[in-house]
Every structure is written in C-alpha cells, then in structure tokens.
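Visitor: Given next are the chains, with one letter for each unit.
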Amino acid sequence: MRMRIHDSNHSGEEVPLFLDDRPLTARAGENVAAALFASGVKALRSSPRLRQARGMFCLMGSCQECLVMIDGRRALACQTLATAGLHIETIPPTSANV
Amino acid sequence: MSEFDVAVIGGGPAGTHASLAAASTGLSVALFDDDPSAGGQFDRALRCELASSKVSTFFAHSVWAVTGAYRIDAVGPQGPVHCTSRALIVASGTTERVVPFEGWTTPGVIGLAAARILLNSQGLLPGRSTLVAGCGPLLAAVAAKTLENGGKVEAIADLAGTADWVRTLPAMAARPDLLLQALKWWRTIRRAGTPRYGRHSVVRVEPASEYLRATLAPCDASGLPLNAHRTTVLADCIVVGHGFTPATEITRLLRAEHRYSRGAGGWIAVADQDGRTSRTLLYVAGDAAGIVGAAASATCAMLTGLACAFDLGAADPSRLKRRMESLRGAQRRAVRYGHAMAALMAPSAAHADSIPPGTIVCRCEDVTRAEIDAACDAGAHDMNQLKAWTRCGMGPCQGRTCGDIAGELLMRRVGAPSREAVGYFSARMPLRPVTIEALTGDFNYDDIPIPQAAPL
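Protein chains in written order, with this note's numbering: chain A, 1 to 98; chain B, 1001 to 1456.
Keep in mind that a hint or two might mislead.
What the hints assert, rightly or not - Chain A is nowhere near these chain B residues, computed Cβ spacing over 12 Å in every case:
#1 G1108
#2 P1218
#3 D1272
#4 G1329
#5 Q1385
#6 M1429
#7 A1454
What the hints assert, rightly or not - Examples of chain B residues toward chain A, derived with CB under 10 Å:
#8 D1034
#9 A1060
#10 L1124
#11 R1363
#12 P1430
#13 R1432
Hints listed in this document are in silico derivations from the structure and should not be mistaken for laboratory results.
Predicted model, so just to flag it, every value in this text is computed and none were measured.
For every residue, glycine included, the Cβ atom is placed at its ideal position computed from N, Cα and C.
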C-alpha cells in the first residue's frame, strides 16, 4: 500500500534526496522527517546513553528525536522542508562516556 | 533592532487571532512561529486574513530567548533576528503527553498529534497499517482520516470507556457542529469494521520482523492495566497520545505565577479570563493558557489581543470594551465544549504508576523510571533536584516530553499532596537548541575587530 495520499495540497512533484548517499524520493511540500518516514526510514539517531535506535516522534519541533545533519548542518528533520538534492546524514553516536 | 507594541509567540489559531485582534486596534504586532506558515492545519481563510493584515510575521523562526524587558531573539532562514515589544502574548500551544510504556521509544511509535500532522499537512498515512491508542477526540479524528484516505487501522485502544464519552454529551451539545463531526468520524470507523477496545491501553511495543507488535491490556479508569486477557496487534505504525500539556516554558522563564490544573492539562500561568498573567503586560492565549481546543482558543485569543490593546492604551477604549463584550457569549460556549474535551484527556495521577521500572521516562538522557524512583528515595523531593541528580529533563528537549510524567512520578513517590509541592523544571534559555553558527551567521575572520592589547 502506498503511504502517500492523493489530495489537492500536494502536486505530486517528486523531489530527489540523499540519505547517507542513498537516493530517496520525497513529494514536494513534505518535510524531511515525514519523507523519510514514508520511505520506510524509521530510525534516525541513536540515544546518548543506551545507544537505542530512535526516530521521528512529535513532528512539531519539540522532542528533538529527529535531529540529523542536513547539507552538513545540524537540523531537525521535521522542521526542514524537503527540497531537491538535500544530503541527509544520521548523526553518529558520540564517543563521550555519559 | 525593531520595536513593536506587541510580540506574539506562536502562530497557531490562538496566536494568529490574538495578533489580528491587536493589529486591528492600530498596534504594531510581530508574530513568531517555528512553522513555515500560519494557522497550523486549521484554517486557510485565517491564513489569508493574516497575509492581508499589518501584522509583521516571522514564520520559520525559532524563538530561543525572551527577556524580562520583552526582547525576543529568534533564528530564521536568514539568520538571527531580534526585536523588543511593550507587551508579550504567549500562544505557544501544547506538548503532547505520552505516558511511557515498554518499547515506547521504538522507531515507528509516534504521537497522535504527529499522526494528525502527517495526515492533514503532509498528505501521508501514518503507516501501511496503524494502531491508534490513547485518549481524547484525536483518536477518532486520526483513525477516520486514515481510513478515508485508504489506510488500514488495525484497532483503536481507547483509555476511556463508552460511559466516559456519554458523560461529555451535554457539553458537546454546546457545539453541535463539532459533535456532528465526531459522529461522522465514528461512523467511518464503524463502517470499516475497525475494532475499538474501550478501557484498554498499550502496555508493550516490540519489533516483529518488518512490523511492530503491540500488546493491549484492559485498564481501569485511571489507565492502570488490569491483570486480564492481553490482545496483540501487528502494525507498522503505533500512534499513541494521552492528551496535551500547555507549553509554559516562556511564562515560567519570565517567573509569572503558575498553578497546576489537572483539568487544564498541567501547569498553567495564573491568568484572568482575557489571559492577563501575574506579570505586567504578559499574556497567555490559547491552549498554552490551559487546554481548551482550537475553537475556544480562537475566541479567547481574540479577547486577549483586545485586552492587550486596551492595557496599552489603544485608541477608543469604550469601543474596545464593546467589542470584547460581544465575544463573551461565544467564549462561554466554546470554553464549555473545550473543557469537556480536555476532561477526556486530563491525566489521572495513577496512570504514571503503570510505568515499568526499566522503562525510559526521559528520552533525551535515557533516564528510566527506576532511576527516578531511586533519586527520589535518596532525597530528591523537588523537580530541579531530580533533574540535577539524574539528568531527567536536562537534555535538548528541556523536559518538554518528560516533565509532566516525571512530576507525577515524583509526587506519588514522595507522597506529596500536590504537584505544586514538587514544583516544575526551571525553564532556561536557549528555549530551543541553537547552534553558535546560526547566531554568528557567515563572517570573515578579518572583519572581527581586535581590541587594543592591554598596556603592560
């Protein structure tokens, strides 16, 4: 089943993205977190102490769980509009012993 | 630095209506929001009205600092901006409450509000198959919208029983339009044959090949699972939400007086019916002032915008008063409905008792319930002691996700008579994580003036 809904708000124009150099497709108007979620990419980071997989949770810029590197800068995936050619990288776990 | 009469933080229905009301009296208004556009998913007409108004909008701007003199610092797409204002209206909305359960941090488990954003503004189904769990009117909204768009809802697990919903009917009758909407959602759900488990909660989520396996348990009225037959549901997205807590970081930061109100969703700034807080020219509007829902937020926020104009000495005060009086009836009706919905989502103190010891409460710092209990037993009897001892609430979300739950756990463990007795996490700047790079912008090292060396 396709995750994308056909509605009047979305033109259906495809937007190419890269996740850790792997090509993905978003639909124009989606934010990066939603686009990754719809592509089946659920885990976005690793928790600081227990190193557990974490992913998009609140989708409104509050929980900070979708923090990734976008074109080399730290950004919340849910607050970043998916635009053509964005390079998204997951942030490697810190080596700090916390 | 730009100067405004009024700064409004939050561009949802409340912030937008407050801005428009204040601007309509001739005041200069600055409106800030993290999102790229106004009004959330609620109202396109409102967005047009805002665009044609004199309100200066700062969308896609994350406010990271607010001072006692009402200076606002934000970071936007063009870098840092700041302004000062004579009055400040906080319409920062809410944070969704999710009472932790085993496996709630698993990727693929998302908030009910997140699912609603996926459906309404992102044009996406939450999953190929979805379990919708928690409480409140969003359950039906999310399940029905998923079904209407061709998605599959495996089940709905509702903390409330049918009797709890029936009790809200008299208040819902105050807003027949919204009642009708709710009935339509339930009709869609019934026609799809989606099972609804009343008085059930999710007690565990675990990965099961490409799906997530959720375990549902019958629960009592407070949300505590009963030792009875478990049901398992396979879905690739688990949507769960237990109501909302008002976002009070800014009013806490500014040391306005606060009180805890279970019915209003948690800590709220003490305010009059027009949103005046204990601090001069500081106002709260919408759900940030206590959960009332979008419809009531809009009406109350208009009153807040007008009250603010009145207090700032805007022209023609008697006309302002008449405008305010004309809104009172609508305010009463909308608030009555909003309070009934909020009651369905109001947290029960015993719900936090259901959290297993090994379950993470603070997602940012990986702090478990057992660690919180241990700190409490060792003498941490105040939220800020708990934070200092365990790092609970010290991470990048600043305790927005865990603060309410940690407060419940601490209160119950200490045996404190109220949430007031254990307090709340101090709010600190930066309100949102901000990189030094975003504050400095692009610069050339050669342009940085080097001060004269001190004489030896």
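Visitor: The structure should be examined with respect to each hint, and the outcome stated for every one.
Guide: Right, here's what the structure says about each hint:
1. G1108: Since the minimum Cβ distance to chain A is about 5 Å, G1108 (chain B) lies within 12 Å and the statement is violated.
2. P1218: 26 Å, holds
3. D1272: Its Cβ never comes within 12 Å of chain A, the nearest being 28 Å, so this holds.
4. G1329: 32 Å, holds
5. Q1385: 20 Å, holds
6. M1429: M1429 (chain B) is indeed farther than 12 Å from all Cβ atoms of chain A, at 16 Å.
7. A1454: Answer for A1454 (chain B): holds, closest chain A Cβ roughly 36 Å.
8. D1034: 5 Å, holds
9. A1060: 8 Å, holds
10. L1124: With a closest approach of 5 Å, the L1124 (chain B) hint holds.
11. R1363: 7 Å, holds
12. P1430: 12 Å, violated
13. R1432: Interface hint status for R1432 (chain B): holds (7 Å vs cutoff 10 Å).
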